[in-house]
Amino acid sequence: MKKRTVWGKWWYKFSRNPLSVVGLCMVCAIVFVALFAPWVAPYPEHAGPYVNYGEANQPPSLPHPFGTDAFGRDILSRVFFAFRSSLLMGMVVLAIVVPVGVTLGLVAGYFKESWLDILIMRITDIFLSVPPLILALAITSVLKPNLTNAMIAVSVMWWPWYTRLVYGMATSLRNEYFVQSAELLGASKFHILFREILPNCVSTILTKMTLDMGWVILIGAALSFVGLGEQPPKPALGTMVSDGARYLPEYWWMAVFPGLAIMLIVLGFNLLGDGIGDLFSLEEA
Amino acid sequence: MRRLGYSLFVLIGLSIVVFIIARLVPGDPARAALGPRATQEAVDALRARLHLDKPIYVQYAYWLKSVLQGDFGESLFTRRPVIEDIKEFLPATLELAFFAGLFMTFFGLLLGVISARYANTWVDNVVRVLSYLGIATPAFVVAIVLLLVFGMYYEIFPTIGRLTPGMSYPPRITGLLTLDSLFTGNLASFWDALKHLILPGISLSLGGLFQEARITRSSMLENAKKDYVGAARAYGIPERVVFSKYLFKPSVIPTVSILGLDFASLIGNAFLVELLFNWPGISRYGINVMLRKDVEAIVAVVMVLGIVFTVVNIVVDLLVAYLDPRIRLVAREE
Amino acid sequence: MSQPLLDIQNLSVRFRVYGGYLRVLDGVNFQVAPQERVGLVGETGCGKTTTMKTIMRILPQPPGVIKGGKIIFKGKDVLGMESWEVERMRRREVAMIFQDPTAALNPVFTIGEQLFDAIRYATGKEESDHRFLREVAIRALEEVALPDPARILTNYPIQLSGGMRQRVCIALALACPKELLIADEPGTSLDVTIQDQILRLINRLAEERKMAVILISHSLGVIRDWTERVWVMYAGTVVEEARTQELFAQPLHPYTQALLKCVPKLTGEGIAEGIPGRIPDYFDPPSGCRFHPRCPYRMAICSQEKPRLYGTPTHHVACFLYQEERK
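Protein chains in written order, with the numbering used here: chain F, 5 to 289; chain E, 855 to 1188; chain Z, 613 to 939.
What the hints contain is simulated information worked out from the structure, not anything from laboratory work. From a predicted model like this one, the values you see are computed outputs, not experimental measurements. It is possible that some hints are incorrect.
[Stated by the list, open to error] Label pairs and their computed distance ranges (CB to CB):
1) Pro897(Z) x Trp11(F): 28 to 36 Å
2) Val44(F) x Val980(E): 55 to 63 Å
3) Phe860(Z) x Trp11(F): 50 to 58 Å
4) Phe860(Z) x Leu1075(E): 42 to 50 Å
5) Arg877(E) x Thr175(F): 32 to 40 Å
6) Asp898(E) x Asn150(F): 30 to 38 Å
7) Val25(F) x Val980(E): 14 to 22 Å
8) Thr924(Z) x Leu1075(E): 42 to 50 Å
No residue lacks a Cβ here, since even glycine has one placed at the ideal position from N, Cα and C.
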């Protein structure tokens, strides 16, 4: 076989599944329009408290590919801007949840059957005992409904998944020879946890993170759907769907296009996550 | 038994978490209840009556005691004891969730098996593409599409409520309209109630359904390579039996184990879907009380759904243990 | 040789993988006479198990693809059989014991359930005559010297030890009379004393039931002790075939010679030698004789042409070294 660079080899493996490439393209496209929304969106000013009743309730047309809403705002532009808060939510939540969840999982897994393990895993089980969306809804509602609190609420619900995932891997890795030899060499606990065990979990964590970007965004959309996320007039995908649902079925585009946008984000991250997962599983084979 | 004890422990833990969340609400609940014009004495009296002047763990103990007696306090929204609301709204959600759960399990398995049976043919490819789309589409978007199609263009299935207005309500036995009407022999109401279940049920189950299908497919294809499948063939067992017994049973174990997770997202999504279909269930009630910051009611809803979910998980665990002797036997030795 | 029971002619099998095919079997020829005990020896991954699975028609397809060749069993080509004929062959004529007994037993059914099914279809008792099934099952477990068969029927595979699982596998394969037994590395995963017991058991059953046996092993000691004739495989090809004694006394193929030198001897001096070089890449196997890159005697022709089998009626070898002298 031809020699390839490391990246080239990874790309070769990744691109063997066309669906992964599709996912990558979708994610890139979404990130692009979100980042450059003020320049890409046809009517950037529509992303705020803009009102033009003359243009209200327009069906999809060339100037308004996704139609306009009840205030005459261009839905496509609002979708682009809504991607921003969705992606922001996904990234912030993961940035909070992954370090916390992973650390707790490592500690609990490595010190298996100590009081630390019992404490951490019991708490984890408690949080996993309610469907995450429900508790997230409850937390956001007792706090003030806005994007920040939605992110806090989802984070509170999400870390246990990482703890459980890493816990499972850490409990099996702690018996591996390379960990035991590090112990015999007198390595510090910190070194063992983060330098010996963690690197072996990275591929799984990375795959889960990619998939979770989609799921967190979905939960965020669900929160904003019931009015517990980003507050109007700022655009949020869930809010747009629920507002649009009131105009069903005559003005169907108001709910359907933002709904499709949510689906595309989730689908994109799902496909990409699967592709990354394949990459690592093939690597091992 | 151990499993039950542990579930009880988890539920108590959950109650603590929920209680803390409830106390996160800014402001003084007594003041909020009496309004700004009440005298300080009246507020203090109420604080004392609600044990709000005691340390938080004492408050928790009082609260837990009343909860165990079935007293969740009073809803600010309906002005009734919360427990009455729960009794009224929970059955509708349970009925919807069970219907959606059954639908999800049955068709998820069916699609997965078909997909595995015809792996890498067009049938399989269609199922796989549908799975990706189905998993990625949020339940409320599915609901909206269904509302659009069936509400506007094809009025085959009703889109609002549990029963057509004017239809006779069966006497309340279980609170599940389909069962109640069936018990009382009221077939017209049964069909009507069933028809009302279909659209919200499909919206709720679609994501989990395709998840199940995907897992079933991949575990069947994985197990098909195992020696024991080849061995079963080598003993002369016919292909039909090998597939439907020797390959099928080990392969459904992962599918069944994730049922609990899928049920969780199903209950979560019920919050949005009930709203869209105007389903008079506990989730719609939950959203209403959440939007009104009706803390006692929020706590009750979360606790009750926590209990439902815990029961479902116990059932799933029992099912897995029934299917998989490896788990059953190891658990017994412990 | 009289009319062989099993005659494999020029069998080629490939595995489809990402980006191409692995040429796993490349023209395998192989014969077994009735009631003969034949050994098949070769390194791990040289295609022994693939050949046997192809005989049973249980090679997973995909990834496996049968490119060509014939498998004549009692005068009929197995590869051309209808599925009911294949099923009849598996029920009445050929049995197979798998390499890893743990993997070959379905983990979610009791031994009894698996055994009852095997017996029910093999004896054609479609309707479930439970008394009869139970009787045959218990007899089958007794035959393989398992204690307390009634209890074992209710056990799941994880409740049994490795040795017991191996015996159960034999009972499953031989619950009903067969004419050919394929034993794929029986007992390899077990410790040596139990492996020996298993081999004795197979040998006893073969004698009692007048079965032919194909014993697959990578252990030359096992082959030497338990077989009458040996086939040596290397990288998906048969390189040598001889009566067991003859092969051990005078190995002809350079690969066989190297293989025999690898066996550590308890007496005599020196440590075992390895074979230089590596197992070939099946993706792009060496042209001509697949052993030529590792062969100390290679000639120009070795990389150009695939050698056919040369030799005497009792000893064949696929090597150009013997092309002249034994034509």
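Verdict for Arg877(E), Thr175(F) (Cβ pair) under range 32 to 40 Å
Given range 32 to 40 Å: holds, Cβ gap about 35 Å.
How does the Cβ-Cβ distance of Pro897(Z) and Trp11(F) compare with 28 to 36 Å: does it lie in that range?
holds, 31 Å
Is the hinted range of 50 to 58 Å satisfied by the C-beta distance from Phe860(Z) to Trp11(F)?
holds, 53 Å
For the hint 42 to 50 Å, verify it against the beta carbon of Phe860(Z) and that of Leu1075(E).
holds, 44 Å
Mind checking the hinted window 55 to 63 Å against the Cβ distance between Val44(F) and Val980(E)?
violated, 34 Å
Supplied distance hint 42 to 50 Å, evaluated on CB atoms of Thr924(Z) and Leu1075(E)
Since the Cβ atoms of Thr924(Z) and Leu1075(E) sit about 48 Å apart, the hinted range of 42 to 50 Å holds.
Taking 14 to 22 Å as the stated bounds, is the beta-carbon spacing between Val25(F) and Val980(E) within them?
With a Cβ separation near 21 Å, Val25(F) and Val980(E) satisfy 14 to 22 Å, so the hint holds.
Could you check the hint for me, namely that Asp898(E) and Asn150(F) are 30 to 38 Å apart, CB to CB?
Check passed, 33 Å falls within 30 to 38 Å.
Consistency note: the structure conflicts with earlier hint 2 alone.
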